[in-house]
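> Chain by chain, the residues run as shown.
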Amino acid sequence: MVNQNFINLLAEGKPEYTDGGVLAEFTWLIVVLPFLAAILITFFGKYLPLQGAELALGTVLFIFSYSAALLYEHATKGIANEFFINVGSIGSYDLEFGWVVDGLSIMMYFVVGTVSSLVFIYATNYMQGEIRYTFFFTSLTLFAGSMLVLVSSPTLLQLLIGWELVGVCSYLLIGHYWEKKENSSAAMKAFITNKIADVGLMIGIIVLALSTKTLRISEILYQSTHDYADIKTVAYLGGVLLFIGAMGKSAQFPLHVWLPDAMAGPTPVSALMHAATMVTAGVYLLGRMFPFYQGMASQALDIVLLFGVITLLGAGLVAVVQDDLKKVLAYSTVSQLGYMVTAMGSGAYTAGLFHLWTHAFFKALLFLGAGSVIHAVHTNNMSEMGGLRKEMPRTFSTFIIGTVALAGLPPLAGFFSKDEILASLNHEGHNLYFIISVLGAFITAFYMTRAVLLTFFGDYRGDGHPHESDKMMTIPLIILSGFAIVAGWANIPGVYTGFTKWVTTRKNYIVEYHPESFDLVAMFSGLTSGLLGIGLAYYVYQMSGNATDGDEKIKIKPIWNLLENKYYLDFFYFKFIIDPVKITFAKFVDSFNSNVLDRFVNGVGTTASKAGGIVYTNLDQGGIDKVLNLSSTGTDTIGSKVKLIQTGKTQQYLMYFLIGVIVISLIILLVL
Amino acid sequence: MESGLGLTIVVFLPLVSAIFIFLIPKKQEMLIKLVTLGSALLTFGVSLIVALQFDFYNAGDLQLGTKVSWISSINSNYEIGIDGISLPLLLLSTFISVLAIIYSFEHLPEPKNAKGMMSLILILETGMNGTFVALDLILFFVFFELVLLPMYFMIGIWGDKTVRSVSGLKNDIETRLYASIKFFVFTLFGSAFMLLGFLGLYFRGNRTFSIPELIELGSSGAFTGTFATLVFAVLFLGFAVKVPMWPLHTWLPDAHTAAPTVGSVLLAAILLKLGSYGFVRIALPILPEQAVAWAPAIAVLSAIGIIYGSLACLAQTDLKRLIAFSSVGHMGFVMLGISSLTSIGINAAMIGMVAHGIITGLLFFVSGSMAHTYHTRDMGRLGGNMKLLPKTGAILAFTAMASLGLPGLAGFWGEFMALLGAYNPLPGLNITIFRSSMVAGAIGTVLTAGYLLWMLQRVNLGEPKEEWLDKELHDADNYELVAWIPLVILTVLIGVFPKLIFGATNDAVIALVSKAFGG
Chain A
1 MVNQNFINLL
11 AEGKPEYTDG
21 GVLAEFTWLI
31 VVLPFLAAIL
41 ITFFGKYLPL
51 QGAELALGTV
61 LFIFSYSAAL
71 LYEHATKGIA
81 NEFFINVGSI
91 GSYDLEFGWV
101 VDGLSIMMYF
111 VVGTVSSLVF
121 IYATNYMQGE
131 IRYTFFFTSL
141 TLFAGSMLVL
151 VSSPTLLQLL
161 IGWELVGVCS
171 YLLIGHYWEK
181 KENSSAAMKA
191 FITNKIADVG
201 LMIGIIVLAL
211 STKTLRISEI
221 LYQSTHDYAD
231 IKTVAYLGGV
241 LLFIGAMGKS
251 AQFPLHVWLP
261 DAMAGPTPVS
271 ALMHAATMVT
281 AGVYLLGRMF
291 PFYQGMASQA
301 LDIVLLFGVI
311 TLLGAGLVAV
321 VQDDLKKVLA
331 YSTVSQLGYM
341 VTAMGSGAYT
351 AGLFHLWTHA
361 FFKALLFLGA
371 GSVIHAVHTN
381 NMSEMGGLRK
391 EMPRTFSTFI
401 IGTVALAGLP
411 PLAGFFSKDE
421 ILASLNHEGH
431 NLYFIISVLG
441 AFITAFYMTR
451 AVLLTFFGDY
461 RGDGHPHESD
471 KMMTIPLIIL
481 SGFAIVAGWA
491 NIPGVYTGFT
501 KWVTTRKNYI
511 VEYHPESFDL
521 VAMFSGLTSG
531 LLGIGLAYYV
541 YQMSGNATDG
551 DEKIKIKPIW
561 NLLENKYYLD
571 FFYFKFIIDP
581 VKITFAKFVD
591 SFNSNVLDRF
601 VNGVGTTASK
611 AGGIVYTNLD
621 QGGIDKVLNL
631 SSTGTDTIGS
641 KVKLIQTGKT
651 QQYLMYFLIG
661 VIVISLIILL
671 VL
Chain W
1 MESGLGLTIV
11 VFLPLVSAIF
21 IFLIPKKQEM
31 LIKLVTLGSA
41 LLTFGVSLIV
51 ALQFDFYNAG
61 DLQLGTKVSW
71 ISSINSNYEI
81 GIDGISLPLL
91 LLSTFISVLA
101 IIYSFEHLPE
111 PKNAKGMMSL
121 ILILETGMNG
131 TFVALDLILF
141 FVFFELVLLP
151 MYFMIGIWGD
161 KTVRSVSGLK
171 NDIETRLYAS
181 IKFFVFTLFG
191 SAFMLLGFLG
201 LYFRGNRTFS
211 IPELIELGSS
221 GAFTGTFATL
231 VFAVLFLGFA
241 VKVPMWPLHT
251 WLPDAHTAAP
261 TVGSVLLAAI
271 LLKLGSYGFV
281 RIALPILPEQ
291 AVAWAPAIAV
301 LSAIGIIYGS
311 LACLAQTDLK
321 RLIAFSSVGH
331 MGFVMLGISS
341 LTSIGINAAM
351 IGMVAHGIIT
361 GLLFFVSGSM
371 AHTYHTRDMG
381 RLGGNMKLLP
391 KTGAILAFTA
401 MASLGLPGLA
411 GFWGEFMALL
421 GAYNPLPGLN
431 ITIFRSSMVA
441 GAIGTVLTAG
451 YLLWMLQRVN
461 LGEPKEEWLD
471 KELHDADNYE
481 LVAWIPLVIL
491 TVLIGVFPKL
501 IFGATNDAVI
511 ALVSKAFGG
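Top to bottom, those sequences are chains A and W.
Numbering-wise (this note's numbering), the first sequence opens with residue 1 and increments by one.
Numbering-wise (this note's numbering), the second sequence opens with residue 1 and increments by one.
The hints are all genuine.
Below, simulated DSSO-like cross-link-like pairs (lysine-lysine); rule was C-alpha separation at most 30 Å, straight line:
#1 Lys-587/A x Lys-465/W
#2 Lys-582/A x Lys-387/W
#3 Lys-387/W x Lys-181/A
#4 Lys-387/W x Lys-46/A
#5 Lys-471/W x Lys-161/W
#6 Lys-566/A x Lys-555/A
#7 Lys-180/A x Lys-327/A
#8 Lys-582/A x Lys-327/A
#9 Lys-499/W x Lys-213/A
#10 Lys-471/W x Lys-180/A
#11 Lys-170/W x Lys-610/A
#12 Lys-587/A x Lys-170/W
#13 Lys-582/A x Lys-180/A
#14 Lys-181/A x Lys-465/W
#15 Lys-180/A x Lys-391/W
#16 Lys-181/A x Lys-582/A
#17 Lys-181/A x Lys-471/W
#18 Lys-391/W x Lys-181/A
#19 Lys-587/A x Lys-161/W
#20 Lys-515/W x Lys-213/A
#21 Lys-180/A x Lys-465/W
#22 Lys-499/W x Lys-507/A
#23 Lys-471/W x Lys-391/W
#24 Lys-391/W x Lys-46/A
#25 Lys-387/W x Lys-180/A
#26 Lys-46/A x Lys-465/W
#27 Lys-465/W x Lys-582/A
#28 Lys-471/W x Lys-46/A
#29 Lys-507/A x Lys-77/A
#30 Lys-327/A x Lys-471/A
#31 Lys-161/W x Lys-610/A
Simulated coverage check for chain A against chain W, where a stretch passes if three residues somewhere in it have a Cβ under 8 Å from a Cβ of chain W:
#32 83-90
#33 202-215
#34 593-600
No wet-lab data here; the hints were simulated from the structure.
Source: prediction; values computed, not measured.
Quick reminder that beta carbons are idealized off the backbone N, C-alpha and C, glycines included.
Just chain A, same shape as in the assembly (with noise of 0.2 Å):
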């Protein structure tokens, strides 16, 4: 089962590293802090003079300047440790919590300090003047916090802690506007989807702990590539059950039908989640147990495979049928975190993180710009926009920035990490999954290219006159379009590769394949499918002069309906896992125990009575009878109102039924 290359490559050196001294230390600090915050914003925000966002701001800041100089302490030296407490035992289990500062972890806090740190500049401008603008804060900086939690876990179980912690969070996030049902229930789907693919996550951690038996993940990494017996009997299923949890967070099809409703949430949220916590949690799971499924589940890498694989092609063709500016952006990022998934599942470990990396800066930067636009036009509707490129340059140029990233164009952040999955499938040889992904290239650029013609190209198609928005919010787009075009740069093939060195400087330590140069096929696919995905675009949206009209060139009525509709996957839940649970199932159960053990109990009740009326008139009445006048009178001392409701019979009743419970107990004492 264990891949023998893969033992011998494990032989070989182990990366140098450090155990990162005071700083690694109190790295709990980072995800305590953000607790402590959320406590003091909820009961002193309001006294304060911007309603807590002060504190929450101050707490990512924090967390920003850490994950910096972790960061910094880990280019330079290499840092690789892990903390454990123990909060309790049961049977020979112990129950920990702890923190980990290794380069996986490290890469992710500075993710989550920078986005989060922007993120929260912005709102504090965006949600101005909204309703509960303490407790949203309140609410992100938990959001924060608990993915924090999330990938500071050294043990599965506070991995789960924090991976359902980021789920009601979400809950609060996206339900924040509450008054209205749709977004309450968009909330509840997304708590509840993720839920389901909890069940997953929990059996699967729950499997590899009993086979292990330890809930340290780097004991169970150790385990899975020291080939013990034990963790080998269940390593596919644990494979697949961990996925099917990296599934719901990480929004693979077909659990990905959260992730658009949960644009109901304002847009900040929206940015967050989609960019640096929440989306981002099942791919860091993956990256986390990484040595388990290249080593002995790598059987359940060709099913991550085929779901990174689907979920970029089905959600790619989806954002190009949306008219809301944010589902375009929300599809972008289920087919953008399919790519990140291709890649893990291809055994491109790297490559899979740095999309990662280079997406959370170019998808915040999207998202804000998105919501800068909307904030100014008071809608999502693209049908609405149109020619906004005068009236907000700076969003214009932001934005621009964003698309060319994402749809890979050298030299900006998307064209390396897109590149470097492909290279690797490539060198895998999985062809049929490198042309689909080629093919993803030429989407992605076609409907961000779409997105940014009908919204900032054209004549103004709405209402009133939308005008730049404050500095607040334009500078986070500046920082953010910095990253997206540099952050690329921290891996180039053949010229620098830091990045490749941060994640893979960890304990548990990676083997994989990474490329001496750029492959050229690779590259000169992805780079050719981008441009004629941008090229059509332009075609078709721009050269026919009406930019509304380009749809309807490009309709082909059945295929569109399918994708309008989201190739029908609501219509099949509700129509037959939700509504027969919650309508047809529950009825069933409700109606069975009224109407058939209740009257069953009932019909009880009524015979044991009346036998024990035959028994209290013939045998004994008058013995039972002082027993009765005794106990009513007892009663009446101890709740002077019984009697109102007493109308007599119940104690008759009672009585008889004691007879018949006490008769039925002699006989079966005498068959003892």
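Use these hints to put chain W onto chain A, whose structure you have.
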């Protein structure tokens, strides 16, 4: 032998105070309330002292108890003591009683009568505390039965007066009347059988009612064959009714719906635990061979209970009835843990019992209070509660999250660890049955999240309905907050630091499992 003074005070102080309260004239309401609160606080204080004296390094041993001859003709003794299994439940019981009394200061439903209610709570507390410390079967039985009457009266006198129709009965009947009789008769039915089981053990087991002695006998294989099967069967009936396990649960939704707030709180928080505690304290260690034989059946019934309870919740329109049915599901997890017969599973059951006591207790506090404010429990009429009663709404939302087993809060451990236990039950048990039960339980967690979130959507979120806009509605007052906030804090503390419970239970459970099942 130690004096057992502390535990004796914890058990009998409430009863003595209840008698004392009988002597206070009914008019002196404040005095009655203060005496009750003082007594409950003192009881709680003594139980804390007992906990401090408790030797956690030997949590598997029965401690701080005594054994005094009681009914010598049948060799029944006043034998009490606690170990790591009973200690958390005892503390829960003394603590919840205090909160219930604080809540009752201002929130007595019609017909008020503080004297009656306060003395009933105290009598109930003696029964509950006594059950958790009793180490003699007759003593256990007396306490176990003692809780019936106060609860019966609470439901019957302070309960819901509306008249409803009941399937199988010809005439309509008052909700509280039907519920109180059903509760009483159902439980009595179970415990009559239980007593039979106790008698059986007595006659076969060298004429002793002492639980520790019977455990010694049981683990050396004294009870076998048809006899043991029958005894386990009747004990099962007695305990399963109380838990309640499917399909013996039908008294529960009615009792909870009809009961006054304090009644439902105590019922959910403590009374249900008497049954599951009985399994762990008596049925499992005394009849280990039978426990193994019955375990798969218990696992299946628990799994059915989890799914059935959750589905029933989805169909409810009555807020309190929904929470009542949720207990069927949650106690299903507790019983699933117990049925695995492993130290993980039984630990899960222990923390599950405490967590359910805290969380569902709080849910009944909040929902009862809401029913009182709105004069309806119909979720179709509620809505926008977050706007109308923001404090109550926030606590309801928090508690619902805790109830759905959110990690980081108390409810998580019982659920997750029960599933963990069920995946690998005691060697020799049918793996397929247990793993299927585990999967059913895991699906149950999704359904649980479903009905609780749906409840929140219907009750808490949205805009308030028109009928409430011109009404003056009072949000939680100080008495309510004082009763509720400690439970919120406990939910978080146990969630973050489960050692608070496992620290006591783990060694005791390991000792129990290794003695009974050698595992």
